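Colleague: Now for the letters of each chain:
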Amino acid sequence: MIGIIDYGAGNLHSVLKAIARLGYETKLITKATDHDESIQKLILPGVGNAKVAMDVLNESGLSDYLKEQVVNGMPLLGICLGMQLLLETSEEGNVACLGFLKGTVPLFKEMSEKIPHMGWNQVNNVQNHFLLNEIPDNSDFYFVHSYFAKPSEVNDVLGTTNYFNDFASIIGNEQVMGVQFHPEKSGKYGIQLLHNYCK
Amino acid sequence: MLRKRIVPAIDVLNDQAVKYVQFRNPTIIGDPAQLGKKYTEDGADELIYLDTTASLKNQDLKIEWIRKVAEEVYIPFSVIGGVRTIDDFKRLLRAGADKVGVNSAAVERPELLREAAEIYGKQCVVLGLDAMPIYNEEKEIIRWEVYTHSGHEKTGMDVIEWAEQATELGAGEIICTSIHKDGMKNGYDVELIKLLSEKVNVPIIASGGAGKLEHIEEVFIDGKADAALVASMIHYGDYTISEIKSYLHGKDINVRI
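Quick mapping for you: the protein sequence lines, in order, are chains A and B.
Numbering of the first sequence is given in the numbering used here, commencing with residue 1 and proceeding in unit increments.
Numbering of the second sequence is given in the numbering used here, commencing with residue 200 and proceeding in unit increments.
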C-alpha cells in the first residue's frame, strides 16, 4: 500500500491515477490517524507555493507525522514542490521545510532565460539508484518550477539537469528521495520511475 | 537543454474531438482521450484541448471528458474554452487538467489572471490570445488586434500590450493564435510570434497556420517560439508527430525524440 500525503496539492490525483494504473493500492493520508500498518511507502506530491504548503502540513499535523515515519525508516518520495520540502529551508516565503535532506531551495535568478523552467528537459549524470532502474542517462522528463533544490551533500545528488546552470533534479538516499520533475506527466520513463519506487 | 515542444491541439464539441477551419464548420475526428493517447504515444510533448462547446454556446463547462483524458494521458495537458471564473479553474484542475487557458474572460476582467496565479501558480495559467493583423494603406502590417469569443469579436486592444499586461498579472504561458492563418496551412504568423517572444518573458506557443514541416522549423528558428501547436497537419494524417520531430531533429532543432 502506497500512502499519498493529501494536503491539497494540485497534482495529487494525477499521481494517484498513475500509481493505481501500475497496479499498486493507494491510500490518501490527510492526517496522522489515517495511517495504518498496511502502508509501506509514502509519496509527498506538490504543486504551488512552499510557504503555503508548509503551513498546511504544519497545521494539519502532517509534518510531525512525516518526521515520525521517516525516523522509523519509512521510505518517502517527494515530487516537484514535495521534493523541495524535503530540504531544510526554501527561499519561497523563506520557510523552514521538513529537513530530511541537508540544503536549501533558491530561486532561478538569471533573467536571460524564461521562468518558470517549463517543459521537457534531460536528467544527466544519473547515479546508481533503484529509482533509476531501466531509465537511461539523459532521458527527458517534464519540469515546471521556478525554485530548485540545492542539497549541501554531494552524495545526495542523484541526477542533474541544465537550465541556466546544472541543478539537482533527483536527490536523496536509499530511504528519502525526491524528483523535481513530474514523473506522472513524463510519459514512459516517468511511469517507470514511479514503478521503481513503488515495487 | 530545454526542448522545443510539439503540441497537438484538439478541439472538443459535445464531448467529441472535432476539427474547425477558421473557427467554423466542425467535423468529428474522434474521442478526445483516445486521440490524446494516440498523439502521446507518437511523441507529443503536451496537449491542448479547446472546449468549443463552452466557448461558442456560453454553456457551463463539462468535465467528464477531461477526467477520461487524465486517465489515459501521461503528459501535461491544458484545457481552454469557456473559462470565466476561479471556480472554473478549480473544477478543470481537479478533473485532471494541468493548465487552464483563459481568453475572453481575461479580456473582460484581467484580474482573473492575477487571482488564478495567486491560488494555483502561474505555471497553470495560460492566456489564450487570438490575433488579427491591422494593415495600413500600403497593405503593411502596422499592429495586431486582440479578438475574443472564438475570433468573433474585436476588442480594439493591441496584442503586444495585452500580452505584457497579462503576463505581469499572472499568465505563465501564451497560446497565440493568428485567426487569419488558422486552418489555412500556409504557415504561422512568424512576425507576430517573434515580436511576442521578444517582448514577454513566458513561453509562447505559436498557433494557426501549420501545414508543412518547414512552417514549424520557421516558427522555431525565425519566430523564436517555445512550442508549436499543430492541428490540421496531423488530424488528417498528412504527417505524424514522429515524422515532424525527426524532420526538426534533422534540422538541429532541439526536440525530444
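These are computed hints drawn from the structure, not numbers from a lab.
Be a bit skeptical, because a hint or two may be false.
To be verified - As a list, the in silico DMTMM-like pairs of lysine to aspartate or glutamate whose alpha-carbon atoms are at most 25 angstroms apart:
| hint | chain 1 | residue 1 | chain 2 | residue 2 |
| --- | --- | --- | --- | --- |
| 1 | A | Lys51 | A | Asp6 |
| 2 | B | Lys423 | B | Glu344 |
| 3 | A | Lys188 | B | Asp230 |
| 4 | A | Lys17 | B | Glu270 |
| 5 | B | Lys236 | A | Glu174 |
Unchecked claim - Pulled a few chain A residues facing chain B out of the computed Cβ check, cut under 8 angstroms:
| hint | residue |
| --- | --- |
| 6 | His13 |
| 7 | Lys17 |
| 8 | Leu28 |
| 9 | Ala32 |
| 10 | Thr33 |
Claimed, not checked - Residues from chain B shown here face chain A by an in silico Cβ test under 8 angstroms; the list is partial:
| hint | residue |
| --- | --- |
| 11 | Arg204 |
| 12 | Asp244 |
| 13 | Ala269 |
| 14 | Lys321 |
| 15 | Gly371 |
Every value quoted in this text rests on a predicted model; they were computed, and no experiment measured them.
Beta carbons are placed, not taken as given, at the ideal position from N, Cα and C, and that holds for glycine.
Colleague: Could you run down the list of hints and mark each one as holding or not?
Modeller: Hints, one by one, checked against the model:
Distance restraint check for Lys51(A) and Asp6(A): the Cα-Cα separation of roughly 16 angstroms lies within the 25 angstroms cut-off, and the hinted pair is therefore satisfied. Simply put, Lys423(B) and Glu344(B) have alpha-carbon atoms about 21 angstroms apart, close enough for the 25 angstroms limit, and the pair holds. A threshold of 25 angstroms between alpha carbons decides the hint, and for Lys188(A) with Asp230(B) the separation of about 22 angstroms falls inside it, so the pair holds. Annotation: proposed proximity of Lys17(A) to Glu270(B) holds, straight-line Cα distance about 7 angstroms (limit 25 angstroms).
Restraint check for Lys236(B) and Glu174(A): the C-alpha separation of about 34 angstroms exceeds 25 angstroms, so the hint is violated. For the restraint placing His13(A) at the interface with chain B, the shortest Cβ-Cβ distance is roughly 6 angstroms, inside the 8 angstroms limit, so the hint holds. Interface restraint check for Lys17(A): the shortest CB-CB distance to chain B comes to about 6 angstroms, inside 8 angstroms, so the restraint holds. Below 8 angstroms, beta-carbon pairs count as interface contacts, and Leu28(A) has none with chain B, the closest being about 14 angstroms; its hint is therefore violated.
Using the Cβ-Cβ criterion of 8 angstroms, the hint placing Ala32(A) at the interface with chain B is not satisfied: the shortest such distance is roughly 25 angstroms. Hint status for Thr33(A): violated, given a least beta-carbon distance of 25 angstroms to chain B, over 8 angstroms. Interface restraint check for Arg204(B): the shortest CB-CB distance to chain A comes to about 6 angstroms, inside 8 angstroms, so the restraint holds. A distance limit of 8 angstroms between C-beta atoms decides the matter here; for Asp244(B) the minimum to chain A is near 6 angstroms, and the interface restraint holds.
Given the 8 angstroms rule on beta carbons, the hint for Ala269(B) holds: about 7 angstroms separates it from the nearest Cβ of chain A. At its closest, the beta carbon of Lys321(B) sits 7 angstroms from a beta carbon of chain A; the interface hint therefore holds under the 8 angstroms criterion. Taking 8 angstroms as the C-beta cut-off, the interface hint given for Gly371(B) holds, the closest approach to chain A being about 6 angstroms.
Taken one by one, the earlier hints fail for this structure at numbers 5, 8, 9, 10, listed in ascending order.
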